[in-house]
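A.B. asks: Protein sequence lines correspond, in order, to chains U and A. Going by the numbering used here, the letters in the first sequence line up with residues 1 to 112, in that order. Going by the numbering used here, the letters in the second sequence line up with residues 1 to 114, in that order.
Since the hints were derived computationally from the structure, they do not count as laboratory data. Wrong hints could be hidden among the right ones.
Each computed DSBU-like pair below joins lysine-lysine, with the alpha-carbon atoms no more than 35 Å apart [unchecked claim]:
{"#": "1", "chain 1": "A", "residue 1": "Lys-99", "chain 2": "U", "residue 2": "Lys-68"}
{"#": "2", "chain 1": "A", "residue 1": "Lys-51", "chain 2": "U", "residue 2": "Lys-1"}
{"#": "3", "chain 1": "A", "residue 1": "Lys-99", "chain 2": "A", "residue 2": "Lys-15"}
{"#": "4", "chain 1": "A", "residue 1": "Lys-41", "chain 2": "U", "residue 2": "Lys-42"}
{"#": "5", "chain 1": "U", "residue 1": "Lys-42", "chain 2": "A", "residue 2": "Lys-99"}
{"#": "6", "chain 1": "A", "residue 1": "Lys-99", "chain 2": "U", "residue 2": "Lys-1"}
{"#": "7", "chain 1": "A", "residue 1": "Lys-78", "chain 2": "A", "residue 2": "Lys-99"}
{"#": "8", "chain 1": "U", "residue 1": "Lys-1", "chain 2": "A", "residue 2": "Lys-41"}
{"#": "9", "chain 1": "U", "residue 1": "Lys-42", "chain 2": "A", "residue 2": "Lys-15"}
{"#": "10", "chain 1": "A", "residue 1": "Lys-44", "chain 2": "A", "residue 2": "Lys-99"}
{"#": "11", "chain 1": "U", "residue 1": "Lys-42", "chain 2": "A", "residue 2": "Lys-54"}
{"#": "12", "chain 1": "A", "residue 1": "Lys-41", "chain 2": "A", "residue 2": "Lys-78"}
{"#": "13", "chain 1": "U", "residue 1": "Lys-68", "chain 2": "A", "residue 2": "Lys-54"}
{"#": "14", "chain 1": "U", "residue 1": "Lys-68", "chain 2": "A", "residue 2": "Lys-41"}
{"#": "15", "chain 1": "A", "residue 1": "Lys-44", "chain 2": "A", "residue 2": "Lys-78"}
{"#": "16", "chain 1": "A", "residue 1": "Lys-99", "chain 2": "A", "residue 2": "Lys-54"}
{"#": "17", "chain 1": "U", "residue 1": "Lys-1", "chain 2": "A", "residue 2": "Lys-54"}
{"#": "18", "chain 1": "U", "residue 1": "Lys-1", "chain 2": "U", "residue 2": "Lys-68"}
{"#": "19", "chain 1": "A", "residue 1": "Lys-15", "chain 2": "U", "residue 2": "Lys-68"}
{"#": "20", "chain 1": "A", "residue 1": "Lys-78", "chain 2": "A", "residue 2": "Lys-54"}
Each chain, written out:
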Amino acid sequence: KQEVTQIPAALSVPEGENLVLNCSFTDSAIYNLQWFRQDPGKGLTSLLLIQSSQREQTSGRLNASLDKSSGRSTLYIAASQPGDSATYLCAVKETSGSRLTFGEGTQLTVNP
Amino acid sequence: EAGVTQFPSHSVIEKGQTVTLRCDPISGHDNLYWYRRVMGKEIKFLLHFVKESKQDESGMPNNRFLAERTGGTYSTLKVQPAELEDSGVYFCASSPMAKAAPLHFGNGTRLTVT
């Protein structure tokens, strides 16, 4: 049974810092991995999607890496801003089936 | 394009009552999913439709939950009768048929059972 863990559970940083959010998964037989952002009371916004054959994806100040063999992914946020404050969720899709398995998320606060 | 739309955004009902949640996926998306997040837990899969057919309903907690997607367009999730532990946020997501495509989520329905 796939399990996804995100560390840390919460993170508070001053504006301008570069930061790394971690995601690990127990079964390396994944099809892809998706990072989401969730603002309070809102749905999930897809940030980056990494296919199992890829090592990383970049979008603006965000960079996500994937090491499938070790069961790890990181989300790097450069030059953090208060608007980046949200909960960040990692989810994996396995090679069999189409369901996503989510981690519990990292609650990020960027202080001005 | 319009995103995934869910109705209602909030629902407060008493234990034993019935509630029906609705999801309108992005037009043309054959895959439709229901997920749920209960307090303090991670988001968990409930079921998956491909068009009007249930592809995987292994995440449905019990037979008090009934999902339908008549005609392969919008979907409903009915909880009857509701119990206290059903409280949480119910998310709907949709995607095109390609397995590599990302899922697009709605804003969720916050269900409170008192």
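A.B. asks: Between U:Lys-1 and A:Lys-54, does the CA-CA distance stay at or below 35 Å?
C.D. replies: holds, 22 Å
A.B. asks: Check whether the Cα positions of A:Lys-41 and U:Lys-42 lie no farther apart than 35 Å.
C.D. replies: holds, 17 Å
A.B. asks: When you check the alpha-carbon spacing of U:Lys-68 and A:Lys-54, does it fall within 35 Å?
C.D. replies: Holds, because 30 Å separates the two Cα atoms, which is no more than 35 Å.
A.B. asks: A:Lys-99 and A:Lys-15: Cα distance at most 35 Å?
C.D. replies: violated, 38 Å
A.B. asks: Run the distance test for A:Lys-44 versus A:Lys-99: straight-line Cα separation, threshold 35 Å.
C.D. replies: holds, 19 Å
A.B. asks: Take a quick look at whether U:Lys-42 and A:Lys-99 sit within 35 Å of each other, Cα to Cα.
C.D. replies: Given that 35 Å is the threshold and the Cα spacing comes to 25 Å, the pair holds.
A.B. asks: Has the given pair, A:Lys-78 with A:Lys-54, been kept, meaning a C-alpha gap of at most 35 Å?
C.D. replies: holds, 15 Å
A.B. asks: For the pair we were handed, U:Lys-1 and U:Lys-68, check the Cα-Cα distance against 35 Å.
C.D. replies: Judged against 35 Å, a Cα distance of about 16 Å means the pair holds.
A.B. asks: Is A:Lys-99 within 35 Å of A:Lys-54, Cα to Cα?
C.D. replies: holds, 16 Å
A.B. asks: Compare the distance between the alpha carbons of U:Lys-1 and A:Lys-41 with 35 Å, and conclude whether the hinted pair is satisfied.
C.D. replies: holds, 17 Å
A.B. asks: Please work out if A:Lys-15 and U:Lys-68 have their alpha carbons no farther apart than 35 Å.
C.D. replies: violated, 44 Å
A.B. asks: Quick one, are A:Lys-99 and U:Lys-1 close enough, alpha carbons at most 35 Å?
C.D. replies: holds, 20 Å
The structure is inconsistent with the numbered hints 3 and 19, although it conforms to all the rest.
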